[in-house]
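**Student:** Each chain is listed here by its residues.
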Amino acid sequence: MSQDAHVDSATAVLWDRGGTKHDMIATRTFGFWLYLLSDAMIVSSLFASYLVLGHRVNAAAGPSAGDVVHPIAAFWGTVLLFSAILAYGGAMVGLKRGDRRAVLAGLGGAFVLGAGFLFVEGRDFAELALHGMVPERSGYLSAFYTLVLYHGAHLVFGLLWIAVMMAQVARQGFTANVIYRLLNLKLFWFFQGFVWIYVFSFVYLTGALHVH
Amino acid sequence: MSIETRDPLQHPEVQLARGRHYVGAYVVSLLLTGGPLWLVVRHLGTPRRLMIVVIASAAALTLVQGYFWLRLDFSRTQRWMTAALVLFIPLVVMTIGLTAWMFATLYARTMIPTLMHAPAFGH
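Protein chains in written order, with my numbering: chain A, 1 to 212; chain B, 1001 to 1123.
No lab work stands behind these hints: they were computed from the structure. All of these numbers come straight from a predicted model, not from anything done at the bench. Each residue gets a CB set at the ideal place from its N, CA and C atoms; glycine is no exception. Some clues are possibly wrong.
One side only, chain A facing chain B, incomplete, derived with CB under 10 angstroms [claimed, not checked]:
| # | residue |
| --- | --- |
| 1 | V57 |
| 2 | L182 |
| 3 | G193 |
Let the hints inform the model, and build the full structure from the sequences given.
**Tutor:** What follows is the structure, given as structure tokens:
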């Protein structure tokens, strides 16, 4: 390289101060998607813990998966959760048409069905607690509660977010900010279905394979 | 990632929505969860075979929901999201797989004799 190529650090322009024309909506949805994947790493760690603590010695002579999981109740929860996702899909189809009423109806449906899922899950856990199967009973139960309720906590947050977005759609209409938030919420809500596939398959179904 | 539109409703990510795809994925998802549930609850097969069915259905569900609900494909709009997910998968496999491997060997070396012959991750 010749000396003519020397860069004067006092005058060099190292970035474009005017900024580049990024697509605001796509940039924000992609950033949120990366956040969701980092959140999924926590779920992976919880699955790893669940796998390790599934060894019968970690049941501390107490109940193990075969006693704790209720796959049929979990399936009804699955139906409600997938229906909530379908309802949100309906909101997205309404958004594509610019139909505010369809978006609000889809969001409302997703809210009600998501709350239904939480009700089924809450009843299942209340029954476990009534029978003394509480997290502090054993390492296995700690892992079970943490993994399943971590997903449930996301649903609670999702319901709050849906309620906020319903208010924003009703008051502000389809501004760019409202639209990117709806798209991020779509990723969040659909991703909960994605996570639930693994909770249902590898906690409830495989747990039911070990009935005593 | 760099497509400009004046009307945010015309944004490519908004225009991804497909009612038929959503409904189709919903029906298939229920079949792929209900089918294995029926087999497991009725004990129609050995635990090993049922486990293979559960794993296969989870893999199929991942593809169905990933493509038809999350619209993860190689289109210009979605390809970086798909790439991020593909790069994320080895991290998950390593997190869960290496943890399971480490503890399986730990259990094999440290369990009291009566438990040594128990399956490492059974119940």
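**Student:** Tell me the hint numbers this structure goes against, listed in increasing order.
**Tutor:** Per hint list: zero violations.
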